[in-house]
Amino acid sequence: MNPKKNDPLDSMKRWVTEVGMDTPREDFHLSVLKKIETLPPTTDSYQPVIAPLGWKMILVFISSIVAWTIFSSPDSREAGTLLDKFPQLKLPMLHFDAFDINFPTLDLSIQFQLGLAIFFIMSFLVFVSKLRDNRAGA
Amino acid sequence: MQFLEDDHYITLTREGDMQAFGQLVQKHQRLVYTLAVRMLKNPEEAQEAAQDTFVKVYQSLSGFEGKSKFTTWMYRVVYNECLARMRKTKRNFTLIEDILENEHDPPDFLDGLELLQRAERAALVKKGIEMLNPAEAAALTLYYLDDQSIKEISTITGNSESNVKVQLYRGRKHLEQNLKKITNKELIGLL
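First to last, the protein sequences are chains A and B.
For the record, in the first sequence the residue sitting at position 27 is 27 according to full-length UniProt numbering, with numbers rising by one throughout.
For the record, in the second sequence the residue sitting at position 161 is 161 according to full-length UniProt numbering, with numbers rising by one throughout.
Warning: the hint list may mix true and false statements.
[What the hints assert, rightly or not] With a Cα cut of at most 20 Å, we get these calculated DMTMM-like pairs of lysine to aspartate or glutamate: (1) B:126 x A:10; (2) A:34 x B:44; (3) A:13 x B:130; (4) B:41 x A:22; (5) B:27 x A:26; (6) B:181 x B:120; (7) B:126 x A:18; (8) A:34 x B:48; (9) A:56 x A:133; (10) B:56 x A:27; (11) A:35 x B:44; (12) B:27 x A:27; (13) A:13 x B:147; (14) A:13 x B:152; (15) B:27 x B:5; (16) B:165 x A:10.
[To be verified] Some, not all, of what chain B presents toward chain A, calculated at C-beta under 10 Å: (17) 50; (18) 51; (19) 64.
[Said to hold, decoys possible] DEER-style ranges, computed between Cβ atoms: (20) B:15 x A:30: 17 to 23 Å; (21) A:25 x B:163: 32 to 38 Å; (22) A:23 x B:15: 54 to 60 Å; (23) A:38 x B:15: 20 to 26 Å; (24) A:38 x B:88: 21 to 27 Å; (25) B:60 x A:13: 29 to 35 Å; (26) A:123 x B:19: 50 to 56 Å; (27) B:6 x A:49: 31 to 37 Å; (28) A:52 x B:15: 28 to 34 Å; (29) A:135 x B:149: 49 to 55 Å.
It is worth saying that the hints were derived from the structure and are not from the lab.
Note that the structure is predicted; figures quoted are calculated from it, not measured.
The beta-carbon is built from N, C-alpha and C at its ideal position, and this holds for glycine as well.
Please model the complete structure; the sequences and the hints are all you need to start from.
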């Protein structure tokens with residue numbers, strides 16, 4: 001009995017092994033090294049997405065919100081806020097009677113004002129980070 | 001040329017030793033190139049694909065965590081490189097013809113192949129492999145020439161293990177059919 005006939009898989013392995021491997025050009029590895037040398041240098045140094053200054057600003061911002069919340073919230077239903085306990089500042093009113101100009105007064109809620117403040121602060125942060133990116137790219 | 005373990009060269013390359021990377025390339029260049037040639041069917045393009053593979057390997061070496069074998073990872077890079085090149089030129093990846101016809105034909109013919117001289121047989125088998133579709137050629141090369149397991153081939157190609165088994169089965173059948181076609185042609189030429 002012919003064992004080869006019963007085991008075509010072994011024959012296949014032998015044939016493929018007999019064919020062997022193809023050989024690239026002699027200077028193949030030198031060409032690879034040349035290609036690598038021509039690669040543009042990469043900056044491997046770690047650059048945080050948010051700079052230390054950005055983190056400080058965020059920390060100040062969050063602290064100010066916490067402080068604002070503490071001072072502006074009444075300690076009981078009937079009590080006023082902590083801010084109310086500070087002496088009221090009386091600023092002189094501006095008078096434009098001579099020109100007969102009436103400025104409209106905006107009645108914005110505290111949430112809206114807070115939203116506006118956050119918007120401007122975030123815009124500032126984006127602006128600063130853009131400036132930094134531009135400088136780094138230059 | 002005697003080579004050391006891959007880890008040795010990888011460590012040195014990470015420390016900036018380009019000579020070590022050169023040796024790593026020399027150690028694996030033949031199989032990477034063979035895989036590329038059998039998928040792309042064009043020696044010049046295969047040369048470029050193999051070079052680009054090693055450049056990519058060099059660029060990503062710092063991110064290689066060693067979770068899989070270095071060779072498995074490298075073959076995955078060359079396999080994907082070849083796939084990308086084939087997609088660019090819109091070459092077909094699968095055979096359209098019915099591959100299972102004449103399934104029970106080959107045994108006598110295979111015995112005939114055994115009688116041929118080794119060099120003649122190798123030349124015929126090489127031609128037969130060249131006629132295979134890229135996926136089957138890659139699977140057969142990795143399985144028989146580099147003794148990669150089904151699981152490793154699955155990792156390299158991104159196909160499931162059962163798909164790899166099917167590719168190997170079809171590859172064998174196709175190769176047998178191709179060899180039959182080639183030998184018939186050559187015999188007709190001789191008559």
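Hint check:
1. With a C-alpha separation of about 17 Å, the suggested pairing of residue 126 (chain B) with residue 10 (chain A) holds against the 20 Å cut-off.
2. As the CA atoms of residue 34 (chain A) and residue 44 (chain B) are separated by approximately 18 Å, the hinted pair is consistent with the 20 Å bound.
3. Between the alpha carbons of residue 13 (chain A) and residue 130 (chain B) the distance comes to roughly 16 Å, so the proposed pair stays at or under 20 Å and holds.
4. At most 20 Å may separate the alpha-carbon atoms for a hinted pair to count; residue 41 (chain B) and residue 22 (chain A) meet this at roughly 12 Å.
5. Distance restraint check for residue 27 (chain B) and residue 26 (chain A): the Cα-Cα separation of roughly 13 Å lies within the 20 Å cut-off, and the hinted pair is therefore satisfied.
6. Of the supplied pair hints, the one linking residue 181 (chain B) and residue 120 (chain B) holds, its CA atoms being roughly 15 Å apart against a limit of 20 Å.
7. For the suggested pair residue 126 (chain B) and residue 18 (chain A), the alpha carbons sit about 9 Å apart, so the restraint of at most 20 Å is met.
8. Between residue 34 (chain A) and residue 48 (chain B) the alpha-carbon distance is near 13 Å, which keeps this suggested pair within the 20 Å criterion.
9. As the CA atoms of residue 56 (chain A) and residue 133 (chain A) are separated by approximately 19 Å, the hinted pair is consistent with the 20 Å bound.
10. The suggested pairing of residue 56 (chain B) with residue 27 (chain A) holds, with an alpha-carbon distance near 19 Å, which does not exceed 20 Å.
11. For a cut-off of 20 Å, the pair hint linking residue 35 (chain A) to residue 44 (chain B) stands: about 16 Å separates their Cα positions.
12. Distance check on the hinted pair: residue 27 (chain B) and residue 27 (chain A) sit about 14 Å apart at the alpha-carbon level, within 20 Å; holds.
13. At most 20 Å may separate the alpha-carbon atoms for a hinted pair to count; residue 13 (chain A) and residue 147 (chain B) meet this at roughly 10 Å.
14. Distance restraint check for residue 13 (chain A) and residue 152 (chain B): the Cα-Cα separation of roughly 18 Å lies within the 20 Å cut-off, and the hinted pair is therefore satisfied.
15. For the given pair, residue 27 (chain B) sits about 10 Å from residue 5 (chain B) by alpha-carbon distance, which is consistent with the 20 Å threshold.
16. With a C-alpha separation of about 16 Å, the suggested pairing of residue 165 (chain B) with residue 10 (chain A) holds against the 20 Å cut-off.
17. The criterion of a C-beta within 10 Å of any C-beta in chain A is met by residue 50 (chain B), whose closest approach is roughly 6 Å, and the hint holds.
18. Taken as an interface hint, residue 51 (chain B) checks out: its beta carbon lies about 5 Å from the nearest beta carbon of chain A, inside 10 Å.
19. Below 10 Å, beta-carbon pairs count as interface contacts, and residue 64 (chain B) has none with chain A, the closest being about 15 Å; its hint is therefore violated.
20. At roughly 21 Å, the beta carbons of residue 15 (chain B) and residue 30 (chain A) sit within the given window of 17 to 23 Å.
21. The hinted window of 32 to 38 Å between residue 25 (chain A) and residue 163 (chain B) holds, with their beta carbons roughly 34 Å apart.
22. For the pair residue 23 (chain A) and residue 15 (chain B), the beta carbons lie near 30 Å from each other, so the given range of 54 to 60 Å is not met.
23. At about 21 Å, the beta-carbon gap between residue 38 (chain A) and residue 15 (chain B) stays in the expected band of 20 to 26 Å.
24. A C-beta distance of roughly 22 Å is found between residue 38 (chain A) and residue 88 (chain B), which places it inside the suggested range of 21 to 27 Å.
25. Between residue 60 (chain B) and residue 13 (chain A) the beta carbon distance is about 32 Å. The supplied range of 29 to 35 Å therefore holds.
26. For the hinted restraint 50 to 56 Å between residue 123 (chain A) and residue 19 (chain B), the CB-CB distance of approximately 53 Å keeps it satisfied.
27. At roughly 35 Å, the beta carbons of residue 6 (chain B) and residue 49 (chain A) sit within the given window of 31 to 37 Å.
28. Evaluation of the 28 to 34 Å hint for residue 52 (chain A) and residue 15 (chain B) yields a pass: the beta carbon distance comes to about 31 Å.
29. Checked against the hint of 49 to 55 Å, the C-beta distance between residue 135 (chain A) and residue 149 (chain B) comes to roughly 52 Å, which is consistent with it.
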